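Next come the chains, spelled out residue by residue.
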Amino acid sequence: MSEPAPIVLVVDDEIQIRRFLRTGFELNGFVVHEAGTGAEAIRTATLRPIDLAIVDLGLPDMDGADVVERIRSWSSVPIIVLSVRSTEAQKVHLLELGADDYVVKPFGMAELLARVRVALRRQMRAVSGEPTVKAGPLTIDLAARAVLLNDKRLTLTPKEYRLLQVLAQHAGNVVTHQHLLKEVWGSIHVHDTHYLRIFVRKLRQKIEPHPDTPKILVTELGVGYRLVQSGAEGEAGAWSESTQAKSES
Amino acid sequence: MYPSAPRQTRVAGRILPLTDSTTSLAMNNVTVLNPVRKQLPAIFFTLTLVAALTAILFFLVWEIGLAHGSIVYLIPVVIAATRWGIVPALVAAVCGVFASAYFFYPPAYSFRVKDPQEVIDLILFIFVAVAVSQLANRLKRQLEMARQREIDLRDLYAFSRRLAVAFDVSDIHAAIEDHLASIMQRNVVLFASAREASDSSGRRAGMTVPERVLTEVVEVASGRHDAVGGAIVTAESGEIWLVRAVSPKSLEFGVIAINLGHESKERSDELRIRVDAVLADATATLERLGVAHAISEARMRSQTDQLREALIGSVSHELRTPLASILGAATVLSAAPALRQEKKLTALVHDVRDEAERLNNDIQNLLDATRISSDGIKPHVEWADPGDIINSAVERCRHGLADRRIVIDVPPDLPLIHVDPILIQQALVQIFDNAVKYSESGSQIKVAVRTQDGRLNINVTDNGAGLTTTEAAKIWDRFARGERHAATTSGSGLGLWIASAFIGANDGKVSATSEGPGLGTTLSIELPVSQDALPQLESGADE
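Residue numbers (the numbering used here), protein chains in the order written: chain A, 1 to 249; chain B, 1 to 543.
Note that these hints are calculated values from the structure, not bench results. These numbers were taken from a predicted model, which means no experiment stands behind them. Hints are not guaranteed to be accurate.
Claimed, not checked - With a Cα cut of at most 20 Å, we get these calculated DMTMM-like pairs of lysine to aspartate or glutamate: (1) 206/A <-> 413/B; (2) 437/B <-> 382/B; (3) 437/B <-> 362/B; (4) 509/B <-> 382/B; (5) 182/A <-> 192/A; (6) 206/A <-> 160/A; (7) 182/A <-> 382/B; (8) 202/A <-> 212/A; (9) 343/B <-> 354/B; (10) 202/A <-> 413/B; (11) 474/B <-> 515/B; (12) 140/B <-> 152/B; (13) 446/B <-> 212/A; (14) 446/B <-> 515/B; (15) 215/A <-> 395/B; (16) 215/A <-> 160/A; (17) 446/B <-> 433/B; (18) 134/A <-> 160/A; (19) 215/A <-> 413/B; (20) 509/B <-> 526/B; (21) 378/B <-> 88/A; (22) 215/A <-> 409/B; (23) 343/B <-> 362/B; (24) 249/B <-> 177/B.
All chains should be built: construct the whole structure from the sequences, respecting the hints.
Shown next, in the form of structure tokens:
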């Protein structure tokens, strides 16, 4: 690797989990720091440079959500939350606190790695100020406010573009319904999920090769939407590495 | 003394049937000491009546030669006595006597009278006025009492009914609060405990409880401050609040704060006595209705609920945490370069992974089953796209559906449905699992969506083992396991039962059809589509 190895902070009180995460990450060229408590996690995140944090929700000394909030208060480092059992409302809450993504335990290493790479790529883009986002055949040029599908320029309504823009700014990560509604239609519409459903459908008709089985603008049921970037391996599916179930329509 | 404010008279009236000596006294005071000013319209009507009667009588005496009609003046006396009370009746009596003396007794047009009849008339009129007005007054009061008793009974009945359906402590406290507010005709805030008072920022039921009052409530509720008689607190705004325990005997019923408004010291003392009377009665009622028992029972019930939740939570956590390690480690191992060459070892690692995954699904099913049995499914409904639900269910089952050909037939422009998308997705996952379990590897599983008559149908069809008629009838039952497959397929028989419960929680229905054994199965979900209820986009939503 020409670039320096990314450093990941693993926060979990279970030593077995930390051990397999360490092995899994190291096999994939990451440098791993471990923390078994929330306090230790916050200390490590303050003192050592890290590129990403994996935070378990059930920590012995404090709630994982508090760790997310504390780290987020001074750092924009990507945070992925691990939780054993979470309702969709909890996921939304975590994302609003500043977590970039979540993975529900039990999970496979491939799934976690896919999420980690997406988060790292987004962070790099944010740092470099890269103005274009690619998602499969779709290119969104945030600087020129242009959307290209297979290099052909698409005509979008202002709201459709705004929706795609917000998703592109968080490309690869879930964006909650509330966040999208607030950004696109304003705070008074944060509970009007049907707005999103209708506009996402219109948008998919324009940007998806097969709008019935979307692969670019995908739904995270009960939570929000995700713009799936090209090259994000496996689209973070189940824990198997090679399974594929393509649907025909 | 209870002068003009109508609100207080009503409060006094409301207390009356609660049989208290001080209060019935108060009622008498109200009637006797009604200011004469308030009776002026009644007196005016009485005078008009007497004048009109005099005119008619005068005409009759003149035309027909009626001897004299002084007795007729009893009519206004009786009318005034029954309708307006003793003062107008006496006015009518005196005026009647004077009018008959002036107009009808000789010498006419003079108040001087020779006949002693005149004096007797006056005595008779006054007697009738007093007697009739007293009678009428008593009748009126009895009527008022009866009406009041009826209202109170109705209140009490409503209160006891609310208690009967009250599910937890807060329901019971809300009922007590409303009951007291309706008896007292004042703003009443009830705090169940010191903690509730200190936690609340003072805003309760649309009104703000001042800081000082809250502090006092905390003192009383924690038993530090004995306030059996109630403590008077003057809020920052100058309003006077009374804070006391609902029951002098126990703090179980909570502590109330009553807004007495801007009242003078003496008045608020009077009100405080009245509050005591009402509360003594209310507590007796509460005790009679077994509220204390109900409260402790509700506490127990919520504790049982909490215990079960905690148990489910901890089982879920305790079982899944090791599973997460097993599964995670297995996936790391299976991708490890060192193991790639070792085919047999790789196969073993895959077995570990698959079995751990199965165990995880079984735990999830058990948890879902517990949730359903404890009646705990609360759908979080939102407007959802049926296509999204189906796609994400297929995505969730990707691993299991890997070697099946999935055909998705979703027409464009499906209506949005108002459901809990997660529950529908989980039900679909169960149905897919079932289809995979009872069909051959490599066979086709078809998911088709159709709308018809305001319903949306999701049909999942496999080319598998099919169903006999008895199997089709029992397939959605709990622990239903096909006897034909008992030896070859594993499972708990919970999956489809969970699916049907999740669909039921969304007002939907499930059904199963099959051409027969070996001819495939179609499992269908039917969901309501209420397009009328879909809120319209505001104009300009797309600008």
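> So which hints don't hold here, by number, going up?
Replying inline: 2 and 23
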